[in-house]
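Protein chains: 2
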Amino acid sequence: MTYCVGMMLDQGIAFMSDTRTSAGLDNISTFGKMTTWEAPGDRVLTIMTAGNLATTQSVVSLLDERTKAPDERVPTLLEVPSMFQAARLVADTLREVIARQGEEGQRADSTFNATIILGGQIAGGPPRLFLIYPEGNFIEAGEDTAFFQIGEMKYGRPILVRAYDRTLKFEEAMKLLLVSFDSTLKANLTVGAPFDFHLYEKDSFREGHKGRIEEDDPFFQKIRTAWSAALKSALDGLDDFEL
Amino acid sequence: MTYCVGMMLDQGIAFMSDTRTSAGLDNISTFGKMTTWEAPGDRVLTIMTAGNLATTQSVVSLLDERTKAPDERVPTLLEVPSMFQAARLVADTLREVIARQGEEGQRADSTFNATIILGGQIAGGPPRLFLIYPEGNFIEAGEDTAFFQIGEMKYGRPILVRAYDRTLKFEEAMKLLLVSFDSTLKANLTVGAPFDFHLYEKDSFREGHKGRIEEDDPFFQKIRTAWSAALKSALDGLDDFEL
Numbered sequence: 001m002t003y004c005v006g007m008m009l010d011q012g013i014a015f016m017s018d019t020r021t022s023a024g025l026d027n028i029s030t031f032g033k034m035t036t037w038e039a040p041g042d043r044v045l046t047i048m049t050a051g052n053l054a055t056t057q058s059v060v061s062l063l064d065e066r067t068k069a070p071d072e073r074v075p076t077l078l079e080v081p082s083m084f085q086a087a088r089l090v091a092d093t094l095r096e097v098i099a100r101q102g103e104e105g106q107r108a109d110s111t112f113n114a115t116i117i118l119g120g121q122i123a124g125g126p127p128r129l130f131l132i133y134p135e136g137n138f139i140e141a142g143e144d145t146a147f148f149q150i151g152e153m154k155y156g157r158p159i160l161v162r163a164y165d166r167t168l169k170f171e172e173a174m175k176l177l178l179v180s181f182d183s184t185l186k187a188n189l190t191v192g193a194p195f196d197f198h199l200y201e202k203d204s205f206r207e208g209h210k211g212r213i214e215e216d217d218p219f220f221q222k223i224r225t226a227w228s229a230a231l232k233s234a235l236d237g238l239d240d241f242e243l
Numbered sequence: 244m245t246y247c248v249g250m251m252l253d254q255g256i257a258f259m260s261d262t263r264t265s266a267g268l269d270n271i272s273t274f275g276k277m278t279t280w281e282a283p284g285d286r287v288l289t290i291m292t293a294g295n296l297a298t299t300q301s302v303v304s305l306l307d308e309r310t311k312a313p314d315e316r317v318p319t320l321l322e323v324p325s326m327f328q329a330a331r332l333v334a335d336t337l338r339e340v341i342a343r344q345g346e347e348g349q350r351a352d353s354t355f356n357a358t359i360i361l362g363g364q365i366a367g368g369p370p371r372l373f374l375i376y377p378e379g380n381f382i383e384a385g386e387d388t389a390f391f392q393i394g395e396m397k398y399g400r401p402i403l404v405r406a407y408d409r410t411l412k413f414e415e416a417m418k419l420l421l422v423s424f425d426s427t428l429k430a431n432l433t434v435g436a437p438f439d440f441h442l443y444e445k446d447s448f449r450e451g452h453k454g455r456i457e458e459d460d461p462f463f464q465k466i467r468t469a470w471s472a473a474l475k476s477a478l479d480g481l482d483d484f485e486l
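For the record, the sequence lines run as chains A and B.
Residues in the first sequence are numbered from 1 upward in steps of one, following my numbering.
Residues in the second sequence are numbered from 244 upward in steps of one, following my numbering.
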């Protein structure tokens, strides 16, 4: 399983992904699920993937190869004129990979599927965030729903729904994301640290702050402990039910 | 969908269930999912059901009919000597109903399935809580996992995992349950108020405090508002991430 969140903020876009891949509970590994392409001054694109690892790796490899050998298929991610066209390109590539696995006689229904979050900014347009489905269509984050989750999204959703706000600064968004990831981690063994993050600053047109947070990261540990305590005291603070 | 929680406490057992039944999003109704049998001074048994409504209603009807016409099949829920035997009886009845629907030529795979929480106390033994699977086997709440959830359990789980404690009083357990139900309600349209609850007092051998909490219940409204505010301020209270 996987857990990734992409979040539109006034300040830019925050991305966070876990790194656990599992083929059964007895076979887990660490794979990055976040990839960023950058053409400084012109564009930054980040994608996060959930689903079949073979599919998502193929999609990323194809997208990447084509930026390097642009003769093969144009335009590439580094050439498309808008974020919307970038989303179409990623969606088409995803559909192509899934279809090819089907054509080759392999049958596993939904097993080859994958879902992708794409966000970034291309010169001439604002930052945009898309959720791309295995069917090859996609939706864009709007005013009302300005964050997307993929993978094991349920455990970490309640806190996002309640505390997300476009005006959050990156410093605040990071702790909200870590709390959401912590809730997921506590409940589902197939979501695991370390977590990769990328904080893209609006109109910067270059990679923002990126990093990896390990399970024993002192800040993450502090957030986990403080959050558990804060929740308990928040609950204590509510009026008791009168019997 | 459904959301039910059964929770062992030092004080007794707390049960809470939602009441929404849906056959598609355009066809929702209110059905109680909690049933209690009582033989004052001797036993109290409460079950909560999740899954196919036809199955769960049949199970409850069969269990209930047999207590009233005990000749048909003995022992009944009002006669079994222990909670363990009660769990076996409920499990056998569940398996019987599911199997009969299969035998009659209806095929819908898991659609006829149901999961049941059974809790209560029978004179001579302690209060016990069971989770009964559609396959007809069951597990009992132990020291480490002393609550069970059935149905749409993920959204409401993080707060239970963090704040549950056997020593909670009923007054506190009720607010914890309502917070957990509120998180679920916010995220899944197929879980809905009103919520039924039953607070069985250990060694009382009679029905405890029972009731129904409507969506516009002032206490529930207060909990919802206060919880949202408390979460936000808990998050604000955490240190910001340093970039």
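To be clear, the hints were calculated from the coordinates, so they are not data collected in a lab.
Small disclaimer: the values here were computed from a predicted structure and weren't measured.
Each residue gets a CB set at the ideal place from its N, CA and C atoms; glycine is no exception.
Do not take every clue at face value.
Under the rule of at most 25 Å between Cα atoms (straight-line distance), these lysine-lysine pairs were calculated in the BS3-like manner [unchecked claim]:
1. B/Lys-429 / B/Lys-465
2. A/Lys-186 / A/Lys-232
3. A/Lys-222 / A/Lys-186
4. B/Lys-475 / A/Lys-169
5. B/Lys-412 / B/Lys-453
6. B/Lys-412 / B/Lys-445
7. B/Lys-475 / A/Lys-222
8. B/Lys-465 / B/Lys-453
9. A/Lys-186 / B/Lys-465
10. B/Lys-475 / A/Lys-186
11. B/Lys-475 / B/Lys-429
12. A/Lys-68 / A/Lys-210
13. A/Lys-232 / B/Lys-311
14. B/Lys-429 / B/Lys-445
15. A/Lys-222 / A/Lys-210
16. B/Lys-412 / B/Lys-465
17. B/Lys-429 / A/Lys-232
18. B/Lys-311 / B/Lys-453
19. A/Lys-232 / A/Lys-222
20. B/Lys-453 / A/Lys-186
21. A/Lys-210 / A/Lys-232
22. A/Lys-232 / B/Lys-412
23. A/Lys-169 / A/Lys-210
24. A/Lys-222 / A/Lys-169
Across the chosen pairs, the derived CB separations fall in these ranges [said to hold, decoys possible]:
25. B/Ala-282 / A/Asn-137: 55 to 63 Å
26. B/Asp-269 / A/Gln-85: 50 to 58 Å
27. A/Gly-136 / B/Ala-342: 36 to 44 Å
28. B/Phe-462 / A/Pro-75: 52 to 60 Å
29. B/Phe-462 / A/Gln-85: 31 to 39 Å
30. B/Thr-468 / A/Phe-84: 37 to 45 Å
Open item on the list: For a C-alpha distance cap of 25 Å, please report whether B/Lys-453 and A/Lys-186 respect it.
Closed with: 32 Å, violated
- [ ] Assess, step by step, whether the Cα of B/Lys-475 is no farther than 25 Å from the Cα of A/Lys-222, and give holds or violated.
- [x] 18 Å, holds
Open item on the list: With the threshold set at 25 Å, check whether the alpha-carbon distance from B/Lys-412 to B/Lys-453 stays at or below it.
Closed with: 16 Å, holds
Task: Proposed proximity, B/Lys-453 with B/Lys-311 (alpha carbon, max 25 Å) - done: 23 Å, holds
- [ ] Assess, step by step, whether the Cα of B/Lys-429 is no farther than 25 Å from the Cα of B/Lys-445, and give holds or violated.
- [x] Distance ~33 Å between B/Lys-429 and B/Lys-445 Cα, so the pair is violated.
Task: Holds or violated: B/Lys-475 to A/Lys-186, with C-alpha atoms at most 25 Å apart - done: Since the Cα atoms of B/Lys-475 and A/Lys-186 sit roughly 20 Å apart, the hinted pair holds (cutoff 25 Å).
Task: B/Lys-429 paired with A/Lys-232 [C-alpha distance capped at 25 Å] - done: The given pair, whose Cα atoms are some 21 Å apart, holds under the 25 Å limit.
Task: Straight-line alpha-carbon gap A/Lys-169 to A/Lys-210, limit 25 Å - done: Cα-Cα ~16 Å, so holds.
Task: Status of the given 55 to 63 Å range, CB of A/Asn-137 versus CB of B/Ala-282 - done: 59 Å, holds
Open item on the list: Against the 25 Å threshold, does the CA-CA distance of B/Lys-475 and B/Lys-429 hold or violate the hint?
Closed with: The given pair, whose Cα atoms are some 16 Å apart, holds under the 25 Å limit.
Task: Distance restraint between B/Lys-475 and A/Lys-169, which requires alpha-carbon spacing of 25 Å or less - done: Holds, at about 15 Å.
Open item on the list: A range of 37 to 45 Å was offered for this pair. Does it hold for the Cβ distance of B/Thr-468 and A/Phe-84?
Closed with: Check passed, 39 Å falls within 37 to 45 Å.
This entry does not satisfy hints 9, 13, 14, 20, 21, 26 and 29, going by the numbered hints stated previously.
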